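A.B. asks: Protein chains in written order, with our numbering: chain A, 1 to 365; chain B, 366 to 730; chain C, 731 to 1095; chain D, 1096 to 1460.
No wet-lab data here; the hints were simulated from the structure. One or more hints might be untrue.
[Said to hold, decoys possible] In silico DSS-like links for lysine-lysine, alpha-carbon gap of 30 Å or less: (1) D/1365 / C/1055; (2) A/270 / B/683; (3) B/683 / A/318; (4) C/877 / A/359.
All figures in this text were calculated on a predicted structure; none of them were measured in a lab.
There are 4 protein chains.
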Amino acid sequence: MSSSFGTLFRISTFGESHCKAVGVVIDGCPPGLGLIEKDIQVQLDRRRPGQSALTTDRQEADQVIILSGTENGVTLGTPIALQVANKDHRPKDYTNMQDIPRPSHADYTYQMKYGIRASSGGGRSSARETIGTVASGAVAAKVLKEKYNIDIVAWVSSVGEIEAETVAFDTITRSEIDKSIVRCPDRTATEKMTALVTELKDLGDSIGGTVSCIIRNVPPGLGEPTYEKLEAKLAQAMLAIPATKGFEVGSGFAGTRLRGSQHNDPFIRKGDRLGTETNNSGGIQGGISNGEYITLRIGFKPPATISLPQDTVDFSGKSAVLEAKGRHDPCVVPRAVPIVEGMAALVILDMALRQEARKAFQFKK
Amino acid sequence: MSSSFGTLFRISTFGESHCKAVGVVIDGCPPGLGLIEKDIQVQLDRRRPGQSALTTDRQEADQVIILSGTENGVTLGTPIALQVANKDHRPKDYTNMQDIPRPSHADYTYQMKYGIRASSGGGRSSARETIGTVASGAVAAKVLKEKYNIDIVAWVSSVGEIEAETVAFDTITRSEIDKSIVRCPDRTATEKMTALVTELKDLGDSIGGTVSCIIRNVPPGLGEPTYEKLEAKLAQAMLAIPATKGFEVGSGFAGTRLRGSQHNDPFIRKGDRLGTETNNSGGIQGGISNGEYITLRIGFKPPATISLPQDTVDFSGKSAVLEAKGRHDPCVVPRAVPIVEGMAALVILDMALRQEARKAFQFKK
Amino acid sequence: MSSSFGTLFRISTFGESHCKAVGVVIDGCPPGLGLIEKDIQVQLDRRRPGQSALTTDRQEADQVIILSGTENGVTLGTPIALQVANKDHRPKDYTNMQDIPRPSHADYTYQMKYGIRASSGGGRSSARETIGTVASGAVAAKVLKEKYNIDIVAWVSSVGEIEAETVAFDTITRSEIDKSIVRCPDRTATEKMTALVTELKDLGDSIGGTVSCIIRNVPPGLGEPTYEKLEAKLAQAMLAIPATKGFEVGSGFAGTRLRGSQHNDPFIRKGDRLGTETNNSGGIQGGISNGEYITLRIGFKPPATISLPQDTVDFSGKSAVLEAKGRHDPCVVPRAVPIVEGMAALVILDMALRQEARKAFQFKK
Amino acid sequence: MSSSFGTLFRISTFGESHCKAVGVVIDGCPPGLGLIEKDIQVQLDRRRPGQSALTTDRQEADQVIILSGTENGVTLGTPIALQVANKDHRPKDYTNMQDIPRPSHADYTYQMKYGIRASSGGGRSSARETIGTVASGAVAAKVLKEKYNIDIVAWVSSVGEIEAETVAFDTITRSEIDKSIVRCPDRTATEKMTALVTELKDLGDSIGGTVSCIIRNVPPGLGEPTYEKLEAKLAQAMLAIPATKGFEVGSGFAGTRLRGSQHNDPFIRKGDRLGTETNNSGGIQGGISNGEYITLRIGFKPPATISLPQDTVDFSGKSAVLEAKGRHDPCVVPRAVPIVEGMAALVILDMALRQEARKAFQFKK
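Given only the sequences and the hints, what does the whole structure look like? Please build it.
C.D. replies: Now the structure itself:
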């Protein structure tokens, strides 16, 4: 059940880096939603490699096809199968790495888990697997936009030591973020990040970074305590993205250094609802959304595949030097932005469906 | 489905802070395991309030009873129901807070989600709910110990700004950690933490902190990519604990500032298996355990309930000052230690069962 | 995950025949519902042994306690734990059967599955396990009654060869059915059934039978094709009841002998909705309720435990004669009536919650 | 979650009758299994329309493609996506039926459930949806054959009133059954059935029937009481097949008329294991396989779509006469045979994986 996610809006993804196609089946999409390929393609285009000089040189069109679940551009409520063909089958680039598990990659663990692994690329552990997440996440985001006017916007908040300064949480948009080649809304930081990534690309090295995400207009009441608290499912969702090492909601680790009197978010009246003056809670209290912005930060390690030679051992335990020859990103965070947005949408929509079921049955006290 | 966790070793918890009992039903525990109340009680005793001068003064014995699923001290393979009576029913302490949602607590969000909430304490959002996690986690840990010799040890790694220095990952034990009143294995840090917590208790304030956790002897191959990667389920598990704001595995957020050439863990031969020289991966690569120590860090915010008066509004939006009168912990991390251990055990065992199913069917290529 | 059932209204049961208690945790019950023990007890009283001269002589009060999830008689939306104490611990009656697996009982298969089994009674396979079903089913039925005015009524439609004549589907009620000692609404059949069961009780033999069930006022639209079609989940639910061997919906096996021109249910106008003139479909078409009565029939084999001596072998394969000494029902169908009603309620409510979630998101074409 | 089935071997199907493709994603297939398209195609060929003069005239090649999850003809342990293109898009045959819901078909209930429905054919309710079941079932069956030597064989046991005489349970094979045009192993019955179906085809009418299924070599211990008893999941699986109205295991409804002394299956020694002398239990006791043959019977109603004119009403409630013009089977049971086999394989394999997980952890008492 590992490649499925969600309870009522449930996705099941498939595909390795070099099989015939990758894709996703969405079960539980509400009926009557306008949906055409273009709604999905826009996020896949933000995910695909070869978008800029900073990312891998592979040019993959990654055109999505809707195989089922819609008619005349409207969802039927039946499973929506989305598919992207792999153009780049079984390349030769990886053959010299067959016997040497790439350090900090998944070659060794896949072999140990399955007793077999794809002979090229990362197989199922490849970032290509995230196409299903991004495609289904785009559908979920459309539902959330039309039903609640929810906005989900992610951006690069750091690359290595370079951090973006404060971002305009109220107004930031995807198109604004895309003006930056590294998807960082801070212009000065963008320049520094670009220079660093370019340098590392030339060096054959890589660098980590963080992606931040804001979710606006989430109604209060989403999240299913106790084991499916909203932040718990968001944490699972984000740590399921390749290369992630950390997750924060609201004040995150910085909040652990504060006192209750500093950290608590006092309630205030906001129009006809209650809101909070500060938002250290990150829009979630007791595992349930409170109507404030949901704020997340996700940490990505530097990509494991680098061109610099690495001293390691082969599968038999014999010393070896690995020199990777494939085409790889020196920094994944710009391309991780739509993946984070996609996972966020999948979590929020599933929770919203579950809460609407409850609300429909809510008895008066 | 919110109060259930796990696929093959599946728990379902119940109970509010002031109902008749709290507890858990464990479905899928392997048969033939020796199991008596004492195996579980030891971890509940580490969780319960009133253990030391630093925690809340409530004295709750929290005696667990095994209602079903064992005979003559051996598990039958049938559901194991565990129950702890609530001695402290419906107290009056909270009545004056009825109309004012406590800032950064779950009063407001529960009301918005359910249209009703428990009239006292935190109801289901109370830390009392974690009894089910700790109790079932103790059972899971016993299975893991007997089957794989797995050790799961958590400790307080920081309180506020005070951080524990490096800990002896190879040898640290629960009993060693319990020698510290704050469950921090670093003696100097313990003293500083104790002083800080005592001061805050007197002030009526609270403070956050972090818990670190190491899991030793996990066999390679656990974790179910892509959405149930090992770190993804651990992240969900940890963020399901009340008051958590962040999660890290391996190098965590610090790893985002490194280069690939620094961060990658080269393989080396370790006896008859492959291991890694460094462990920035935290024992997990591609979502699957690699046989190295699994290392986690979890961030806890300062407890929301403080005695200091707080300016806020009541449910109707009218200005109010809240002065909490209940008995509360100024710092939750020492008591969070067995909860973190419990959640870790639940995740690892569920993944181990799933991997053993796969292994039983593995065909030769 | 074997002792859990449902997706949004999810139950987890526990308890063997002779442990401390049996019970159930209900996760996902809508908040704000009036709920006290009496609402549940009424169905448990219809299930318990010793109700009449026809059933086993054991007198078990089977008093249910609500441990959690309600306050002041109203549901909180949190897990509702229900518990019934076992008064009759570890009896001696079964000790002489230890080495001989009872024919057509679960002794052998439990031993093969778990490598261990409860030393007395049926352990988890005992009919006592159905207490959790009946108790949680009573809660589900109350939700359905208050929300949709749904009625669920089951009755004994045959005992051995004796069949009840046509029943008044529009008006039949539980109290009317309870006027019959065998819960058969047909007076003549009741007399014959009573005579037969009495005779078999004296003989130490047992007899099978069928239970029919009607569900009125189900709104159209419930059921989740394709693998959770309404009849598919009802079939699972009913075959999960001990001693069941068959399931029919609508025309059932009799319908397999008809032609399409005879079997099809033409549509007619019924007030402001469409209905069908006949109901061979049993209220379900394409896996989805159509608003007509849902009609089911469930077949129960004769109870396996009989007093007549049986030639069989012991666990080691050696010939043996089994003479059961326990107290057992010669015919289970009268007591199966509330179990069937309970399982039906669990299925319908879970489906209704899922459909309400969908409806809340339904977009206009 | 409606189009998914299984816990460890989990399938997710997609596709309507006239979208671009239908298919299935299999998650959790054991790695290392030899698997090529031909392994699957053989069962799809038995399912597809146009096989004989008795079935619909549509000629659909239904060629399956493996999109992912294998490399060099061996499974990787990753999701296996299987796809069959729909050649027959959006035909005109159905346009005149748009406003009239076909009696006993799913037009009305889909419209009520989703507020929208596919404009042609049955959409998702079409028998075309079963391609995913058959394809994934063929993979499951291959796993079961290689691991346990399990055989699953189904056949037509009745058409209308015509019943097959006793079948050779020990030796019956799929190829033997395929020698009959109606897939009935009884030659005399075959002739009568053929005559009846031919007559009804000419009349524009249809007829129901039953399919029986035997599963040989199932190890003892499969099935997950209490809600996922083996017969319960088999019942769900079979009632999820379109047009099914009834399910029996072992003695079925006939068993309800027997006494315990007649129905009980005495144990006998069979080589080094215990077996039973008779098999009224149908290979399952207490919800768990006992090592004997598992025997099932499934009832199918007559196909709803007939050419004979039918008096009914349109969606607005106005009287109408429906004369269907599409191409349809007068009797579905011959084509249902591989569907029943597929569903059986999916259930058994999922249960086997779960039991192997348990066995790997079984502790000695």
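A.B. asks: Are the hints correct? Go through all of them and say.
C.D. replies: Each hint, compared with the structure:
no., hint, result
1, D/1365 / C/1055, "holds (28 Å)"
2, A/270 / B/683, "holds (11 Å)"
3, B/683 / A/318, "violated (72 Å)"
4, C/877 / A/359, "holds (12 Å)"
Checked against the numbered hints above, the structure breaks only hint 3 and satisfies the rest.
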